[in-house]
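In order, the protein sequences belong to chains A and B.
Read in order, the letters of the first sequence correspond to residues 292 to 438 in the working numbering.
Read in order, the letters of the second sequence correspond to residues 2 to 369 in the working numbering.
None of these hints come from the bench; they were simulated from the model.
Even glycine gets a Cβ: it sits at the ideal position worked out from N, Cα and C.
Hints may be right or wrong, so weigh each one.
What the hints assert, rightly or not - Interface residues of chain B toward chain A, partial, derived using beta-carbon atoms under 8 Å:
id : residue
1  : Thr57
2  : His115
3  : Leu367
Claimed, not checked - A few chain A residues that face chain B, going by a derived Cβ cut-off under 10 Å, partial list only:
id : residue
4  : Ser354
5  : Ser423
6  : Gly437
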Amino acid sequence: MGNLLCKPRYTAVLAASLLYFLVQTASAGVAVIGNPDLGVNSITAEQAANIFLGKMKRLPDGSPVTVIEHKDGDSVKEEFYDKIVGKTPSQLKAYWAKLVFTGEGVPPKEYGGDKAVLEHVSKTPGAIGYVSDGSVDKSVKVLLGGK
Amino acid sequence: MISNKYLALFGLTLAAGFPAAQAVDFGAFGDISYQGSTVDNSANHFAVGQFDLYGTQKIDPKTRAFFEIVFEDPGDGYVLDVERLNLTRDITPNFSVSMGRYHNPIGYWNTAYHHGAIIQDTVLRPTFLDFEDGEGAILPTHIIGVMGAGKVSMASGDLKYMLTVGNGSSINTDTTSSDGRSEIDVHITNDNQDKKMVVGNATFKMSRLPLEFGVFALHDPFSESGSGGYSGVGTSSDLISMRVMGGYFRYAAHGLDVTGETYNFENEDKSPLTKAGKNKASAYYVQAGYRVTDKFKTIYRFENVDFLSKDPYFRYLGTPEGSRHVVDLRYDLDDTNALKFEVARFEPVDASKKSYTFYALQWAFLML
Numbered sequence: 292m293g294n295l296l297c298k299p300r301y302t303a304v305l306a307a308s309l310l311y312f313l314v315q316t317a318s319a320g321v322a323v324i325g326n327p328d329l330g331v332n333s334i335t336a337e338q339a340a341n342i343f344l345g346k347m348k349r350l351p352d353g354s355p356v357t358v359i360e361h362k363d364g365d366s367v368k369e370e371f372y373d374k375i376v377g378k379t380p381s382q383l384k385a386y387w388a389k390l391v392f393t394g395e396g397v398p399p400k401e402y403g404g405d406k407a408v409l410e411h412v413s414k415t416p417g418a419i420g421y422v423s424d425g426s427v428d429k430s431v432k433v434l435l436g437g438k
Numbered sequence: 002m003i004s005n006k007y008l009a010l011f012g013l014t015l016a017a018g019f020p021a022a023q024a025v026d027f028g029a030f031g032d033i034s035y036q037g038s039t040v041d042n043s044a045n046h047f048a049v050g051q052f053d054l055y056g057t058q059k060i061d062p063k064t065r066a067f068f069e070i071v072f073e074d075p076g077d078g079y080v081l082d083v084e085r086l087n088l089t090r091d092i093t094p095n096f097s098v099s100m101g102r103y104h105n106p107i108g109y110w111n112t113a114y115h116h117g118a119i120i121q122d123t124v125l126r127p128t129f130l131d132f133e134d135g136e137g138a139i140l141p142t143h144i145i146g147v148m149g150a151g152k153v154s155m156a157s158g159d160l161k162y163m164l165t166v167g168n169g170s171s172i173n174t175d176t177t178s179s180d181g182r183s184e185i186d187v188h189i190t191n192d193n194q195d196k197k198m199v200v201g202n203a204t205f206k207m208s209r210l211p212l213e214f215g216v217f218a219l220h221d222p223f224s225e226s227g228s229g230g231y232s233g234v235g236t237s238s239d240l241i242s243m244r245v246m247g248g249y250f251r252y253a254a255h256g257l258d259v260t261g262e263t264y265n266f267e268n269e270d271k272s273p274l275t276k277a278g279k280n281k282a283s284a285y286y287v288q289a290g291y292r293v294t295d296k297f298k299t300i301y302r303f304e305n306v307d308f309l310s311k312d313p314y315f316r317y318l319g320t321p322e323g324s325r326h327v328v329d330l331r332y333d334l335d336d337t338n339a340l341k342f343e344v345a346r347f348e349p350v351d352a353s354k355k356s357y358t359f360y361a362l363q364w365a366f367l368m369l
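Required output: the full structure, derived from the provided sequences and hints.
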C-alpha cells in the first residue's frame with residue numbers, strides 16, 4: 292500500500308476520487324422548507340414523505356398543507372425522493388399514475404427549480420417544499436435537514 | 002367496431018397531439034396472458050388483454066378533465082371503447098361536481114379498480130362485477146350522467162360520499178331469445194326513457210384503525226331495447242325496476258388486506274308475460290391477501306351469486322348462479338409490471354351444469 296501511494300499515478304487517482312466524494316457529499320443535502328408562518332418548526336422524514344405522496348394533507352398541528360413540487364428531472368427532486376421518500380423517479384411516476392387512474396389523488400403542481408420553489412413556499416400560506424441545502428434563505432423556515 | 006383506417010387516424014392524432022400537449026398526463030395499461038379452462042372443447046391460448054390509454058389535465062385552476070379509452074378484442078375483432086370521459090369542477094376544497102361517463106360508484110371494487118389489470122391483485126374481477134359485456138355481468142358498472150362528490154374530515158376519520166344521476170340501462174331481450182344471453186346497455190349518447198339511474202355511495206375511513214367501510218344504493222329503471230317479442234313489453238318500455246342496496250369493508254395493515262362486499266337486489270318484473278313480481282337476489286365476495294415479501298403476495302377470494310329461477314332479469318342476462326373460489330399468486334417485478342398466476346373454480350347451483358376450473362398466467366404492466 293505504501294508503495295502504491297508513492298507512485299504519482301495512483302496518488303492522483305486517489306486524490307481525484309477523494310475530491311469527487313467530497314463534492315458529491317457537499318451537494319447531497321436537501322432541506323425540507325416551509326412558509327415562515329407555519330405552526331410547526333420541524334417534521335420527521337416519514338411525515339415529509341407522507342406529505343409529498345399525498346397521504347398526509349395536514350401538518351402535525353392540524354393545519355392544511357400545500358405542497359410545492361419541483362419539476363421532473365431536477366437532481367434535487369431525485370435526491371429528495373431517493374433519500375426521504377425511498378422511491379426512484381419511475382416508481383414515483385407509477386405511484387401517481389395509479390392514484391390518478393383510480394381517482395384517489397392528483398400529484399402536486401410542479402413549479403420549477405429551487406428558486407421557484409423558494410419563492411412559492413415563502414409566499415403561499417401553509418406551503419411546504421424542498422430545496423438543496425445551499426439554496427435555503429431567510430424567506431422560509433427549515434423543517435427537516437439543512438446545514 | 003372500428004376499422005383499421007380509423008385506428009390509424011386515431012394513432013396519428015394522438016402522436017401529433019403529444020408534443021403540443023405537454024401538460025396532459027398520459028399513461029397506458031396493458032396485459033398479456035396465457036390461459037385455459039376445463040370447459041369442454043376449450044384450448045389453452047395466449048391472449049392480448051385490454052390496452053388502456055388514459056390522460057388527465059387540470060384545464061383551469063378548479064377544473065380537470067379525464068379520459069380513458071380501451072382497445073380490446075372481445076373475440077370478433079378489435080373495438081375501441083370510451084370507458085371514461087369526464088370533467089370535474091371543484092366547488093369547494095371538499096366538494097366537486099362532474100359530468101361525463103364514470104365507473105358506477107357502487108361498492109368498493111368498482112370504485113377502486115378499473116381496467117388497468119396491474120392495479121387489481123387478481124387476474125379476474127369478481128364474476129358478478131364483470132363489465133357489462135362480460136359473461137357474469139349483473140350490474141351497470143358504468144354510468145353516464147352527473148356526479149356530486151365530497152369529503153368531510155373528522156377527528157375519527159374521513160367520510161367520502163358520491164351521488165350520481167345518469168341514463169337508465171336497457172336490455173335487448175331479442176338477443177336472449179336468439180343467443181341465450183343479453184348484455185346490459187348503459188346508453189352513452191342517448192336514453193330509451195326519461196327515468197334515470199340514481200346511485201349513492203358513502204365511505205368512512207377510520208383514522209385510528211386501518212379500516213374503511215361503506216354503504217351504497219342504486220335504482221336503475223331497465224327498459225327494453227329490443228322488439229319486445231321475448232319479454233312482452235314494447236321497445237323502450239319498462240322491463241325491470243332494479244333496486245340494489247349493499248355494504249362493504251376493507252382492512253389493510255401489516256401486509257394483510259381483507260375486503261368484502263355484499264349486494265342485495267330487488268328486481269321488479271314489468272313484463273305482462275312473466276308477471277314475476279318482485280324478486281330478491283344477492284351477490285357477495287370476500288377476498289384476503291397477504292404480502293409475503295415486498296414483491297410476492299398471495300390472494301384468496303370467495304364469490305357467490307344467488308337468485309330465484311323465476312327472476313326474468315337473470316334469465317335475460319344468462320347469469321350463471323353459483324360460487325367461485327379464486328387463488329392468486331402475484332409477483333411484482335417492479336411498480337410498473339407484475340406477474341399473476343390464478344386458478345379459479347366455479348361451482349354452479351344447477352346440478353345439471355358442470356363445474357369448471359379456469360387458470361391463467363398474466364403479465365400486466367403500466368406505461369408512463
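Would the hint on A:Ser354 be counted as holding, given a Cβ-Cβ threshold of 10 Å to chain B? Not OK, violated: A:Ser354 not within 10 Å of chain B, min 13 Å.
Taking the closest Cβ pair, is A:Gly437 under 10 Å from chain B? 30 Å, violated
Status of the hint placing B:Leu367 at chain A (closest C-beta pair under 8 Å): Because about 6 Å separates B:Leu367 from the closest Cβ in chain A, which is inside the 8 Å limit, the hint holds.
Hinted contact A:Ser423 with chain B - closest CB pair below 10 Å: With a minimum Cβ separation of about 25 Å from chain B (threshold 10 Å), the hint on A:Ser423 is violated.
Interface hint check: B:His115, Cβ to nearest Cβ on chain A, cutoff 8 Å. Holds or violated? Interface hint status for B:His115: holds (6 Å vs cutoff 8 Å).
Please verify that hint: B:Thr57, Cβ, nearest Cβ of chain A, below 8 Å or not. 6 Å, holds
Consistency with the previously given hints fails for numbers 4, 5, 6, ordered from lowest to highest.
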